[in-house]
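Following the hints, complete the assembly by docking chain H onto the known chain X.
Sequence order for the protein chains is X and H.
Note that my numbering numbers the first sequence so that position 53 is 53, with each residue one more than the last.
Note that my numbering numbers the second sequence so that position 241 is 241, with each residue one more than the last.
Keep in mind that the hints were calculated from the coordinates and are not lab data.
One or more hints might be untrue.
Claimed, not checked - If you want the footprint, here are the derived chain H segments under chain X, 3+ residues with CB under 8 Å:
1. 80-91
2. 294-308
Said to hold, decoys possible - Covered by chain H, per the in silico footprint, the following chain X stretches (three or more residues, Cβ under 8 Å):
3. 40-52
4. 80-93
5. 103-109
Bear in mind the structure is a predicted one, so any value in this text is a computation, not a measurement.
Backbone N, C-alpha and C define an ideal beta-carbon position, used for all residues, glycine too.
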Amino acid sequence: MANRNPNFGGIFESGGRLCASEEETQALGRAFAEEVPADTTLSLEGPLGAGKTCFVRGLAVGLGLDPAMVSSPTFTLVHEYPGGRIPLVHFDFYRLDSENELTGLGFEDYLQSPAIRAIEWGDKFPGALPPQTWRIRFSIESGSRKIRGTR
Amino acid sequence: MRILAIETSCDETAAAVLEGFDRILSHEIFSQAAIHSEFGGVVPEVASRNHLDELPRVVDRALASAGVDICDLGAVVATSGPGLAAALLVGTSAAKGLALGAGCPFLAVNHIEGHLLSPFFGEAEIPPHIALVVSGGHTLLFDVRKFGDYQLLGRTRDDAAGEAFDKVAKMLGLGYPGGVEIDRLARTGNSARFALPRGMLDSGDFHFSFSGLKTAVRMFLEKGFAEADLPDICASFQAAVVDVLVAKTFRAAHELGRPIVTMSGGVSANAGLRTTARLRAEKSGKILRFAPEGLRTDNALMIAYAAAHHLARGTSHSVTLDISPNFDPASLCG
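The following block holds chain X by itself, in its conformation from the complex (with noise of 0.2 Å):
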């Protein structure tokens, strides 16, 4: 539950937090989600294969979600995954052309409960974007995974 001096996993600092293995990014977003204010979004940027799924997976579990409901919303563009501390959204624009496409979607309603939504590629769009959004860039470096966050 949340610390007096949450510190996210250690995200925020600079140079981010350095993962080695799925295992270490997923518990890395597990001590995210055990921290993250009811109504949060975050964009979780970077390449394929860079974490941001995996991360999603560990943000379920600090929320008291079973892992194995999260999957790629690629295709099918979003998935809820209710009954967790708080509710958990998770976005996927990376098929998405244009900003157009998100009324679509029915983006804005999602913006309007208390949620954590993690956006994969949120930064297709980053005008779309709410202005709290926490931006978290997902990087590969020599086959560990950086992760770093700004606010």
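Below, chain H alone, put in the same frame as chain X:
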């Protein structure tokens, strides 16, 4: 009984009229993907906002080509999930309104059940079998005892199999979606040339993972590759996906003693998957059935067919029933 079915769970706007279990009166699909394919794999526009524009036309066409009036319908049914909430609302609301207007029952159908039953299209009985539902959005393995009695054995932990195809196609510069193009190139390729990981092949369960394979392909491609190697790369990648799908599906059939194996969803059209599955079926003495052509990607006919089974058992739903955008195994498997 004549059933009008509406499917709007993702990109396709579809409507169909089915009589009984097997008489196809109409089968209409408006697909953004089809429109864009002529431009060479341009990302299809997400059609959810277009469902509202297209659905009345698609329903009118389905009724007209079936030669039936709305008053002749025995039921109006629609996909109520899983899918995109905004898109599902269009289809289910239209179906509810039409059912009220026609004074006939409304029924909400699970999209996954539509795919799951599609290999038996036309038949009144669903025999015990193992079902692999494999598409761009889903990779699910079920044990089916009979109609309505399903147990989810496994699912993807990350990417759906079809998504892995499309993402690798994009890495190879084949456009998106490009799973079909990989299949085409793989036909002339050597699948043993490049060793790629078989995700969770020996995990001892029936779950799948394709994200590690996607990353392995990306790292392999970053070292550079020649255009001439494309068929071998495609064949090697395709074999890595297909091997796991086929191994786990047939292992389930063996362990649970099911004589029949089915494959449905868009990826069940993949030639590599079909060939490997056929060989395995012959070796293991299992009967293999695929979803018929036209019923593999999202369509309303499979929804009508699943509905026919429910309606034959006297099931219908109140028009106050809400959509269920999430895939909840409990709702399907009970």
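Any of the earlier hints contradicted here, and which numbers? Result: hint 2 breaks, nothing else.
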